[in-house]
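Engineer: Below, each chain spelled out in residue letters.
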Amino acid sequence: MTHPLTPGVAAGRLTTEEIEANFADLHPPLDQHEAHVAADRCYFCHDAPCITACPTDIDIPLFIRQISTGQPEAAARTILEQNILGGMCARVCPTETLCEQACVREMAEGKPVEIGRLQRFATDAMMTRQGHPFVRAAATGKHVAVVGAGPAGLACAHRLAMKGHKVTIYEAKEKPGGLNEYGLAAYKTTDDFAAREVDWLLGIGGIEIAYGRMLGGDLSLDALREGHDAVFLGIGLGAVNALEMPGDAEAANAVDFIAALRQAGDLRALPVGRNVVVIGGGMTAVDAAVQARLLGAENVTLAYRRDRDRMGASKFEQDLAASKGVRIISNVMPVALEDGTMVLEYTADVDGRLQGTGERIELPADQVLRAIGQMLVPLGDLGLERGKIAVAGAGRSGIAGVWAGGDCTPGEDLTVVAVAEGRDAAEDIHAALMQA
Amino acid sequence: MADLTTNFLGISSPNPFWLASAPPTDKEYNVRRAFEAGWGGVVWKTLGEEGLPVVNVNGPRYGAIYGADRRLLGLNNIELITDRPLEVNLEEMARVKADYPDRALIASIMVPCEEAAWKAILPRVAETGADGIELNFGCPHGMSERGMGSAVGQVPEYIEMVTRWCKQNYDRPVIVKLTPNITDIRKPATAARNGGADAVSLINTINSITSIDLDNFAPEPTIDGKGSHGGYCGPAVKPIALSMVSEIARNPETRGLPISGIGGVTTWRDAAEFIALGAGNVQVCTAAMTYGFKIVEEMKRGLSEWMDEKGFARVEDFVGMAVPNVTDWQYLNLNYVTKARIDQEACIKCGRCYAACEDTSHQAIAMTPDRTFEVIDAECVACNLCVDVCPVENCISMERLAAGAVDPRTGRVVQEDYANWTTHPNNPMAPQAAE
Chain A
1 MTHPLTPGVA
11 AGRLTTEEIE
21 ANFADLHPPL
31 DQHEAHVAAD
41 RCYFCHDAPC
51 ITACPTDIDI
61 PLFIRQISTG
71 QPEAAARTIL
81 EQNILGGMCA
91 RVCPTETLCE
101 QACVREMAEG
111 KPVEIGRLQR
121 FATDAMMTRQ
131 GHPFVRAAAT
141 GKHVAVVGAG
151 PAGLACAHRL
161 AMKGHKVTIY
171 EAKEKPGGLN
181 EYGLAAYKTT
191 DDFAAREVDW
201 LLGIGGIEIA
211 YGRMLGGDLS
221 LDALREGHDA
231 VFLGIGLGAV
241 NALEMPGDAE
251 AANAVDFIAA
261 LRQAGDLRAL
271 PVGRNVVVIG
281 GGMTAVDAAV
291 QARLLGAENV
301 TLAYRRDRDR
311 MGASKFEQDL
321 AASKGVRIIS
331 NVMPVALEDG
341 TMVLEYTADV
351 DGRLQGTGER
361 IELPADQVLR
371 AIGQMLVPLG
381 DLGLERGKIA
391 VAGAGRSGIA
401 GVWAGGDCTP
411 GEDLTVVAVA
421 EGRDAAEDIH
431 AALMQA
Chain B
1 MADLTTNFLG
11 ISSPNPFWLA
21 SAPPTDKEYN
31 VRRAFEAGWG
41 GVVWKTLGEE
51 GLPVVNVNGP
61 RYGAIYGADR
71 RLLGLNNIEL
81 ITDRPLEVNL
91 EEMARVKADY
101 PDRALIASIM
111 VPCEEAAWKA
121 ILPRVAETGA
131 DGIELNFGCP
141 HGMSERGMGS
151 AVGQVPEYIE
161 MVTRWCKQNY
171 DRPVIVKLTP
181 NITDIRKPAT
191 AARNGGADAV
201 SLINTINSIT
211 SIDLDNFAPE
221 PTIDGKGSHG
231 GYCGPAVKPI
241 ALSMVSEIAR
251 NPETRGLPIS
261 GIGGVTTWRD
271 AAEFIALGAG
281 NVQVCTAAMT
291 YGFKIVEEMK
301 RGLSEWMDEK
311 GFARVEDFVG
321 MAVPNVTDWQ
331 YLNLNYVTKA
341 RIDQEACIKC
351 GRCYAACEDT
361 SHQAIAMTPD
371 RTFEVIDAEC
381 VACNLCVDVC
391 PVENCISMER
401 LAAGAVDPRT
411 GRVVQEDYAN
421 WTTHPNNPMA
431 PQAAE
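So the sequence lines, in the order shown, correspond to chains A and B. Start counting the first sequence at 1; every next residue gets the next number (UniProt numbering). Start counting the second sequence at 1; every next residue gets the next number (UniProt numbering).
FYI, nobody ran anything at the bench for these hints, they're computed from the structure. All C-beta atoms in this analysis are idealised placements derived from N, C-alpha and C, irrespective of residue type, glycine included. Do not rely on the hints blindly, as some may be mistaken.
To be verified - If you want the ones that stay clear, here's a sample from chain B, every Cβ over 12 angstroms from chain A, calculated:
| no. | residue |
| --- | --- |
| 1 | 69 |
| 2 | 71 |
| 3 | 169 |
| 4 | 184 |
| 5 | 297 |
| 6 | 298 |
| 7 | 371 |
| 8 | 392 |
What the hints assert, rightly or not - Ranges between beta-carbon positions, derived for each pair:
| no. | chain 1 | residue 1 | chain 2 | residue 2 | range |
| --- | --- | --- | --- | --- | --- |
| 9 | A | 34 | B | 414 | 48 to 58 angstroms |
| 10 | B | 393 | A | 33 | 55 to 65 angstroms |
| 11 | A | 227 | B | 212 | 52 to 62 angstroms |
| 12 | B | 388 | A | 211 | 56 to 66 angstroms |
| 13 | B | 397 | A | 175 | 53 to 63 angstroms |
Build out the structure end to end from the sequences listed, making use of the hints.
Structural biologist: This is the structure:
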């Protein structure tokens with residue numbers, strides 16, 4: 001076995017047992033009694049703030065009440081009617097900044113109802129039993145193209161299929177799921193859940209997925225528009241922002257590190273540096289940093305250019321990183337990466353502009369990961385807004401018959417937001433197709 | 001430090017907490033454990049007549065109702081009186097009483113409604129040295145089908161008759177245990193007093209079916225696919241028991257008749273409430289069955305603590321203190337005008353008060369887009385529902401409008417004097433002013 005302190009980048013720093021323990025479920029499922037106790041804490045608020053805080057508007061008090069009356073599968077249906085990826089969202093939603101932050105018990109006691117875990121209890125109950133809860137409407141004869149089998153595309157496709165439309169999803173990669181499959185921390189979605197959830201979702205019928213088909217590659221928007229009654233773009237952000245410093249080429253993309261980890265059969269075979277530096281302050285940065293530690297990196301530093309309270313990652317995620325031994329340094333910017341040393345410079349906010357103070361710090365860095373944001377790879381004639389596809393209403397792009405949603409459109413880049421946008425676009429597409 | 005010693009009907013016990021006649025008092029072993037744990041007295045599990053003992057079902061005999069986290073709120077049972085031979089029970093009672101002379105030991109009895117049956121058993125009970133007897137006229141299941149238990153307790157004439165037999169054939173205190181499965185508790189209590197009873201104890205259990213198994217469509221507890229109604233007890237029945245105790249305490253025909261309060265006593269506070277309504281002591285069963293005998297320790301310490309705070313040296317110092325404040329609706333002061341007040345600092349913005357008031361009451365709470373909830377005095381009838389549904393204690397309270405203030409709902413000036421329905425102009429029965 002490689003010694004945990006082996007210099008440089010090496011695989012097998014930890015034992016199989018250590019790896020298994022490190023990558024176990026972050027929030028283990030509630031058992032039935034725990035779920036009933038947790039459900040009982042819900043006050044069934046009037047016009048509940050948690051519903052307002054949920055991007056998919058799940059009727060949270062209703063589904064929790066259904067759990068407490070002994071019907072977790074009915075609760076799951078309440079969830080899935082609004083959010084077909086409710087199982088994944090139960091695992092990966094930053095509930096601490098969404099429903100659970102809005103929970104009145106958070107205000108009252110600093111301890112919200114465990115909405116995320118209850119949602120998982122309900123959706124797990126349904127998915128364990130297999131079978132798909134929704135039924136397709138009669139075929140409409142319409143055929144819609146969905147580009148991207150990520151959360152937005154899948155939510156859109158499912159809703160369209162339910163309405164009786166035929167859907168073909170064009171996916172660039174060889175697996176569906178998008179960031180659910182290739183992004184996110186492994187400890188949030190264990191046991192191949194992303195793939196199982198897509199299989200289950202496709203149980204609605206009427207959805208075909210064509211793999212290895214990439215828009216801008218062998219696929220053109222014009223051709224899609226010609227061959228289908230409508231097009232929904234649920235594509236991801238293909239480009240990663242570079243670090244503007246000498247040595248950027250020596251760094252790697254945090255998203256690629258995470259994708260490799262998610263796809264690895266044996267995590268012990270995955271090489272990781274003894275000293276790892278992650279540049280960035282969002283969820284991707286935390287996911288990469290924590291997992292580097294869990295793979296056995298001795299020192300992992302998260303370097304963020306502004307104050308801690310400006311980080312994209314929630315307080316919960318920051319605390320998680322700290323609890324796993326990640327050192328967070330704020331107010332530093334990358335200056336150079338040379339000969340295994342990451343040079344950072346402290347920053348100060350001067351009249352709203354971030355500037356280097358001249359004071360530097362140097363960290364040993366066998367592996368540097370970039371996580372300072374991603375960009376949309378520009379696509380033909382589509383109008384852009386802040387670098388993303390400009391949309392109006394429920395995802396209507398500037399081109400007739402083309403809708404878009406998810407990370408490629410403005411708005412928060414969250415699974416749950418993507419699901420909401422895909423679902424709403426599907427309703428709009430359906431209305432448009434049925435009117436024609 | 002308050003003295004918890006009570007002297008109920010001349011029967012002394014170190015505290016007012018007795019175990020009711022029920023499964024926990026069926027055997028010497030249990031009763032010794034109870035006394036070691038500190039219980040002031042026990043009413044032994046009901047004895048039947050000499051001969052072959054009754055039998056119990058061999059399947060489940062209890063059903064339950066739960067609150068949050070499986071907290072047991074109500075228990076239902078279909079167990080009958082003791083299923084052990086009379087002789088065994090009597091021998092055990094005598095031994096226990098001899099070993100615990102300072103504790104109260106009462107024999108509960110249920111035999112057929114014939115004088116001979118009572119004459120036969122009473123001397124044998126007397127021989128045990130028991131401090132008194134309790135007549136089980138309450139059990140609503142099983143025995144009642146054989147003309148005993150609540151079948152007697154539902155007929156005041158029988159109560160009076162059997163009580164009289166007992167008084168004639170037994171020289172120690174006779175307590176009559178009443179069933180709540182009647183329309184007016186004052187009638188059986190009056191009958192008991194007329195028969196010479198030294199006290200009544202109430203309530204026995206309430207006819208109940210706790211739940212239905214929706215797979216087998218059978219009542220719980222289910223015995224081979226069938227179920228029978230049982231007797232309901234536990235915290236859920238306390239309000240019913242308190243009301244019945246208060247009626248006997250207030251009724252001119254039974255006022256002053258000693259009462260042993262029973263029904264959902266779980267904490268010292270429950271006991272204090274029964275005693276304030278006129279009970280001289282309390283009997284406990286479900287709390288002990290749920291938590292074990294040790295629970296009496298909290299009851300004793302709690303009651304003692306509260307009595308010290310209130311300055312009561314002995315339990316009898318506050319017996320019945322709440323009775324004068326129990327009145328009929330028609331005598332409630334209609335000039336007492338209150339309005340709900342919401343403490344905005346304490347409010348957690350759940351909106352339950354709003355939903356309750358808007359949907360089911362008087363539309364007297366306004367809600368702003370930022371979820372601030374304010375009472376609309378012009379609509380508030382002071383019903384208290386908002387207080388009751390609010391999950392935060394003391395967040396919503398009722399504030400009295402001072403005399404001279406105008407009630408925005410009625411536009412009337414609040415009067416200082418007391419006025420009730422009996423003289424209200426809307427009351428057709430109110431005395432008319434002389435023409």
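Engineer: For each hint, tell me whether it holds in the structure or not.
Structural biologist: Results of checking the hints against the structure:
Look at residue 69 of chain B: its CB is around 5 angstroms from the nearest CB on chain A, not clear of 12 angstroms, so calling it non-interface is violated. A beta-carbon of chain A comes within 12 angstroms of the beta-carbon of residue 71 of chain B; the shortest separation is about 10 angstroms. Every Cβ of chain A is farther than 12 angstroms from the Cβ of residue 169 of chain B; the closest lies at roughly 54 angstroms, confirming the non-interface assignment. Every CB of chain A lies more than 12 angstroms from the CB of residue 184 of chain B, the least distance being 37 angstroms, so the non-interface label holds.
Once the 12 angstroms rule is applied to beta carbons, residue 297 of chain B is consistent with being away from chain A; the minimum gap is 27 angstroms. Residue-level check passed: residue 298 of chain B sits 23 angstroms from the nearest beta carbon of chain A, beyond 12 angstroms. Listed as outside the interface, residue 371 of chain B is inconsistent with that label: its C-beta sits roughly 7 angstroms from the nearest C-beta of chain A, within the 12 angstroms cut-off. Against chain A, the non-interface label of residue 392 of chain B is violated: not every CB pair exceeds 12 angstroms, the least being about 7 angstroms.
Residue 34 of chain A and residue 414 of chain B have their C-beta atoms about 52 angstroms apart, which keeps the hinted 48 to 58 angstroms range intact. Checked against the hint of 55 to 65 angstroms, the pair residue 393 of chain B and residue 33 of chain A fails, with Cβ atoms roughly 26 angstroms apart. The given range of 52 to 62 angstroms is respected by residue 227 of chain A and residue 212 of chain B, whose C-beta atoms sit roughly 58 angstroms from each other. Remark: the range hint 56 to 66 angstroms for residue 388 of chain B to residue 211 of chain A is upheld by a beta-carbon distance near 59 angstroms.
Distance hint check: the CB atoms of residue 397 of chain B and residue 175 of chain A are about 60 angstroms apart, consistent with the given range 53 to 63 angstroms.
In this structure, the hints that do not hold are numbers 1, 2, 7, 8 and 10, in rising order.
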